[in-house]
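Using the working numbering, the letters of the sequence shown correspond one by one to residues 1 to 176.
Bear in mind the hints are in silico, worked out from the structure with no lab data behind them. Just so it is clear, the structure is predicted and the values come from calculations on it, not from any experiment. Warning: the hint list may mix true and false statements.
Stated by the list, open to error - Label pairs and their in silico Cβ distance ranges: (1) GLY42 - LYS160: 46 to 52 Å; (2) LEU3 - GLU74: 44 to 50 Å; (3) ALA15 - LEU145: 52 to 58 Å; (4) GLY46 - PRO146: 47 to 53 Å; (5) LYS49 - ILE152: 47 to 53 Å.
Glycine is no exception: its CB is placed at the ideal position from the N, C-alpha and C atoms.
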Amino acid sequence: KDLMAKVLHSASRRADQPFVKVNCAAIPEHLLESEMFGYVKGAFTGAVKNKPGRFHEANNGTIFLDEIGDICFELQAKLLRVLEDKEYYPLGSRHTEKVDVRIISATNLGLEKLVRQKKFREDLYYRLNVLRIALPDLSDRKADLPLLVRHILRKLCAIKGYACPGIDEQAMAALL
């Protein structure tokens with residue numbers, strides 16, 4: 001998903017602007033709003049200075065919201081405001097900040113099912129689902145596995161400074 005998002009960003013007219021990744025599932029729910037929208041000094045105990053959020057960092061570029069299906073309903077409403085009005089409130093602020101970002105989102109959850117269960121906002125789903133790219137599971141595209149294995153092997157060898165050996169046919173067969 002990360003690679004596809006990076007390719008989409010690189011092929012866009014925003015390619016020379018920031019590309020910011022946010023794994024929504026990896027950030028605790030109570031911190032996600034301040035991480036995405038930032039906060040102002042005094043917004044909460046310990047907020048001793050202003051901190052810009054990820055949307056501020058991605059301004060004029062692209063933000064990749066991975067695992068978007070994991071964000072809470074309340075934060076979905078705030079994200080919808082960013083999509084519709086191109087502005088947001090940093091945590092603790094009474095003033096909005098304008099932002100111009102392309103949003104790429106991904107999830108391993110079925111958003112349609114979450115919409116039917118009223119766990120994901122229908123309006124946000126339709127705003128995000130402008131262009132849908134469905135990536136099949138790797139188990140459904142085993143022909144890609146040799147390419148990925150060779151790519152990862154080359155990358156690891158380059159990092160370690162090793163000459164890159166080939167991969168044994170039996171080892172590849174076991175992976176497949």
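### Query
Do LYS49 and ILE152 keep their Cβ atoms within the hinted range of 47 to 53 Å?
Violated: the Cβ-Cβ distance is about 40 Å, outside 47 to 53 Å.
### Message
Between the beta carbons of LEU3 and GLU74, is the distance compatible with 44 to 50 Å?
### Response
Taking Cβ atoms as reference, LEU3 and GLU74 lie about 31 Å apart, which means the hint is violated.
### Query
For the pair GLY42 and LYS160, does the Cβ-Cβ distance stay inside 46 to 52 Å?
47 Å Cβ-Cβ, so the 46 to 52 Å window holds.
### Query
Taking 47 to 53 Å as the hint, is the beta-carbon distance of GLY46 and PRO146 inside that range?
50 Å, holds
#### Entry: Whether the CB-CB distance between ALA15 and LEU145 falls inside 52 to 58 Å
29 Å, violated
Checked against the numbered hints given earlier, this structure breaks hints 2, 3 and 5; the rest are met.
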